[in-house]
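Visitor: One line per chain: the protein sequences are F and V, in this order. In terms of this note's numbering, the first sequence opens at residue 71 and continues consecutively. In terms of this note's numbering, the second sequence opens at residue 71 and continues consecutively.
Be aware that one or more of the hints could be misleading.
Copies of the same chain look alike in the list, so a pair counts if it works inside one copy or between any two.
Here are the simulated DMTMM-like pairs of lysine to aspartate or glutamate, each with C-alpha atoms no more than 20 Å apart in a straight line [what the hints assert, rightly or not]:
1) Lys178 with Asp108
2) Lys247 with Asp141
3) Lys178 with Glu88
4) Lys178 with Asp97
5) Lys380 with Asp232
6) Lys178 with Glu315
7) Lys440 with Asp251
These are computed hints drawn from the structure, not numbers from a lab. These figures come from a predicted structure and were not determined experimentally.
Protein chains: 2
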Amino acid sequence: MKEDSPYPKSVFGETLTEHSGITELMDDLGEALTIGKDRLRMMGGGNPSHIPEMQELWRDRMAELVRETPDEFDRVMADYDQPAGSPAFRDAVAGFLNREYGWDLTRKNVAITNGGQTAFFFLLNRFAGLMPDGSRRKILLPIVPEYIGYGDQCVSGGEMFDARKPLIEFTQDHRFKYRIDFEHLNVGPEHGAIAVSRPTNPSSNLLTDHEIAELREVAAANGIPLIIDNAYGLPFPGVVFHDVEPVWDENIILTMSLSKLGLPGTRTGIVVAREEIISEIRSMTAIVGLANNNVGQALARPIIESGRVKQLSDEVVRPYYQERSERALNMVHDSLPAHIPWRVHESEGAFFLWFWFDGLPGGCRELYRKLKDAGVVVVPGEYFFFGLDTADWDHAHQCVRVSFTQPEEIVRDGFRIFGEVLGEVYHEM
Amino acid sequence: MKEDSPYPKSVFGETLTEHSGITELMDDLGEALTIGKDRLRMMGGGNPSHIPEMQELWRDRMAELVRETPDEFDRVMADYDQPAGSPAFRDAVAGFLNREYGWDLTRKNVAITNGGQTAFFFLLNRFAGLMPDGSRRKILLPIVPEYIGYGDQCVSGGEMFDARKPLIEFTQDHRFKYRIDFEHLNVGPEHGAIAVSRPTNPSSNLLTDHEIAELREVAAANGIPLIIDNAYGLPFPGVVFHDVEPVWDENIILTMSLSKLGLPGTRTGIVVAREEIISEIRSMTAIVGLANNNVGQALARPIIESGRVKQLSDEVVRPYYQERSERALNMVHDSLPAHIPWRVHESEGAFFLWFWFDGLPGGCRELYRKLKDAGVVVVPGEYFFFGLDTADWDHAHQCVRVSFTQPEEIVRDGFRIFGEVLGEVYHEM
């Protein structure tokens with residue numbers, strides 16, 4: 071589609087309608103899933119796998135709604151929800167989290183949004199950007215790469231993020247792991263909030279309990295909240311590959327999602343926060359879109375009320391992705407030329423392998439284009455290093471994110487082509 | 071919920087999280103539909119009626135998806151859509167409108183949003199508010215009252231609207247009708263777009279073909295688009311009570327919705343516009359929320375493809391609401407004391423009767439409170455007169471919006487109480 075416009079754009083319009091990383095990603099994903107279905111191996115997007123047990127669960131639940139409780143189905147379709155979300159669903163989430171973790175939540179600590187990304191759109195813009203006194207505040211990202219979807223969300227123009235480079239630990243052959251560099255965190259009055267995703271999209275990095283504890287302290291000491299994007303985390307969908315402890319207190323804003331349980335098409339995000347913040351989320355939902363869609367809440371409520379969502383996460387969803395991750399890593403070792411300086415981040419959760427190619431000729435955007443020409447869609451890593459001047463930091467131009475959620479033959483084929491293209495790229499050096 | 075916040079708010083946060091008309095409306099609506107179900111007669115909200123034929127249609131379609139095409143159901147739940155919406159749904163909308171009206175649309179002229187209100191959030195902020203050069207543009211509302219939901223949508227602070235008073239025509243006993251006062255329209259370079267809803271929520275006023283033709287001319291002459299909110303309009307849901315001609319050209323942005331066909335719970339808005347604007351809507355959807363929910367599109371696609379939606383609108387939806395409107399008007403004449411100077415706007419479409427009480431003692435907010443105490447929820451009219459200094463204009467403080475979509479016994483009971491309360495209010499004078 072054309073990018074030019076015949077009408078002058080506001081600041082909001084400029085930021086939200088110009089070329090952006092997330093738009094490119096979504097267009098590629100959409101193209102691969104529709105027009106280019108037979109030609110492109112889609113390893114760029116964050117679409118969950120179709121896990122048979124979960125798909126069946128949602129089909130059965132919908133059939134039950136239509137057949138057994140048609141009145142409830144009618145209400146789901148034909149009634150506007152309260153802007154904070156369905157009271158019954160919010161009760162279910164609060165009760166479930168209290169039982170799991172001993173927290174002290176009520177429905178007043180829970181709000182629903184049209185997907186986790188919209189929750190972040192609300193939160194980032196509420197805490198940062200242009201302030202009433204004309205000053206600007208930023209979101210401190212204690213570590214990048216961070217989720218591409220935040221990058222362009224600022225409605226008031228200018229840079230909304232202030233990001234820090236990670237420490238890079240070489241954990242084993244062809245592997246590495248990021249750690250927060252607390253020595254250079256430098257929180258100041260210009261920061262409106264601290265934000266992290268855990269596990270992190272794209273790197274799959276799972277911030278340790280110690281790192282989270284330290285971030286909580288820093289945030290509280292500076293009077294700003296710690297926002298944790300828990301879209302892949304515990305207790306559901308639980309796509310984390312080693313033990314960590316979820317935390318919440320009045321200074322933490324936790325966002326969750328039904329997407330990775332197999333419901334991205336319903337756009338259901340969940341915010342867990344102190345009452346005042348929940349009230350604000352409710353207002354933003356009402357003003358921006360009147361109410362949320364009801365479908366995801368209606369489908370998921372029973373398994374959250376009963377606690378079965380925990381068992382499904384632990385026994386179906388996590389094992390599925392953990393096995394996919396391990397198989398993908400095996401394919402990578404089989405397919406990528408050993409003599410090339412490739413490294414992959416320790417796979418600690420989520421749906422992606424995060425590659426770093428030291429000295430990559432042409433950089434990651436060139437690699438992205440070559441891979442797409444060869445029939446494999448990945449995401450160039452540059453987009454994930456926002457809020458930071460990366461001109462002099464090679465690492466930020468040498469990474470790509472690769473999803474392993476597509477059917478196994480696609481992933482295998484993709485990594486085979488990946489290996490061939492990489493061989494050519496480094497050979498051309 | 072508490073309104074105070076322990077953290078400083080950005081400009082965005084201030085505008086979108088403080089007390090607003092739409093938040094109050096949605097809270098009242100939510101309370102009435104859940105907690106206060108037995109006590110309150112909910113005549114405030116815009117919830118569509120549960121029309122048996124439509125509810126059955128959606129139940130049958132969902133059952134079909136789950137049972138006959140489980141693969142499609144799985145994709146609807148488990149795949150992210152393209153941010154512009156499903157290509158098949160967009161094709162269906164473009165083809166249907168072309169067949170109905172001879173327009174020349176392709177899917178590139180159609181984008182989906184999470185409800186019609188979100189389409190307006192995108193459009194209003196894209197065309198008005200803070201501009202890159204530091205100036206501000208406004209949306210010209212050629213007539214108020216206008217839809218309450220636009221009122222607080224500005225992300226960049228300050229007043230986003232510049233509204234004009236209507237001409238008021240006394241059409242018959244106890245009736246009136248608004249008309250655009252073209253003599254005082256005064257379009258200028260400070261305006262980014264002209265916006266109207268047709269039929270108008272709250273007044274049910276249906277701008278005439280002549281008024282729309284004149285607005286098109288004025289917009290084109292000033293190089294700004296004409297945005298028409300067609301949420302209740304033709305061809306679907308078709309809740310208009312006399313003949314008008316829908317129009318579209320490259321300088322018109324038409325928004326439509328599935329809500330009034332009985333699917334508000336799926337949040338499905340439709341934007342019909344020139345390609346560049348559609349591309350911008352797509353970007354905004356991607357950045358703000360990644361993608362739309364898929365459910366409404368999947369449910370409605372077949373009846374749009376086949377054109378059956380036109381027949382349903384003409385033979386089920388419109389007759390239903392037209393009859394409800396006529397019965398409501400009869401109840402009003404039965405219940406409201408004849409000696410009180412009440413007037414109701416000509417009922418030309420949508421779900422509301424719009425009352426004007428000349429000389430109303432205490433004003434419309436006081437009347438709202440008294441009605442709520444007596445068990446009837448309406449919406450005080452003041453909220454619909456934004457973008458205008460109404461301090462010296464009594465009319466803006468003497469109106470209320472009353473919905474007639476709830477079950478008939480509730481509406482009858484509501485108007486009975488309405489009459490009693492009004493009698494007391496005017497008696498106290």
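Visitor: Could you tell me which of the hints above the structure violates, numbers in ascending order?
Guide: 1, 2, 5, 6 and 7
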